[in-house]
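Trainee: Please model the entire structure based on the sequences and the hints provided.
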Amino acid sequence: FPALFLTGALAGNPDLKKEDLLSEEGLRLFPEVETKCRVELSKSDSWGGLVPSKMLQENANLTPLMAELRKMHPGDLSIDVPVRIVQGLADERVSPIQTTMLLEQLISKGAQIELRVYPLMDHFGVLARDVENAKNWLKDRLK
929 FPALFLTGAL
939 AGNPDLKKED
949 LLSEEGLRLF
959 PEVETKCRVE
969 LSKSDSWGGL
979 VPSKMLQENA
989 NLTPLMAELR
999 KMHPGDLSID
1009 VPVRIVQGLA
1019 DERVSPIQTT
1029 MLLEQLISKG
1039 AQIELRVYPL
1049 MDHFGVLARD
1059 VENAKNWLKD
1069 RLK
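Numbering (the numbering used here), first residue to last: 929 to 1071.
If you're looking for bench data, these hints aren't it; they were derived computationally from the structure.
The list that follows gives simulated cross-link-like pairs (lysine-lysine, DSS-like), each with its CA atoms no further than 27 Å apart:
id : residue 1 : residue 2
1  : Lys982    : Lys999
2  : Lys982    : Lys964
3  : Lys946    : Lys964
4  : Lys1037   : Lys999
5  : Lys971    : Lys946
6  : Lys1063   : Lys1037
7  : Lys964    : Lys945
8  : Lys945    : Lys982
9  : Lys1067   : Lys964
10 : Lys1067   : Lys1037
11 : Lys999    : Lys945
12 : Lys982    : Lys971
13 : Lys945    : Lys971
14 : Lys946    : Lys982
15 : Lys964    : Lys1063
16 : Lys964    : Lys999
17 : Lys971    : Lys1063
18 : Lys1071   : Lys1037
19 : Lys999    : Lys946
Mentor: This is how it looks when you write it as structure tokens:
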């Protein structure tokens, strides 16, 4: 979800300019972050079709961008609201090892975590399977 990460970084640091960072193709696709959902952005006719090495300008100064992205890393934040994490053990996009590392970081900072694991599901299988559970979890907290 590089487009969404970039959007967050740009919002967090007004000195960052997409024109200074994105490749020609990245600039062409960038407006889609305002009109498409995450699933649509992942499709091959959008950001999902753009090879990561072709998203940014070849000689862009990435130091300020990387600093902003580091500030957004959830494992470095103190989160005082409940967090729900869902992991498919067959997920090749977000490995269970990465999720475990994030969980440990969040718990060490006092976060309240609900973890739901789907042993046989991949990334998108989990998204499809967990919709009702996620909605119910949100409803319970927004009462």
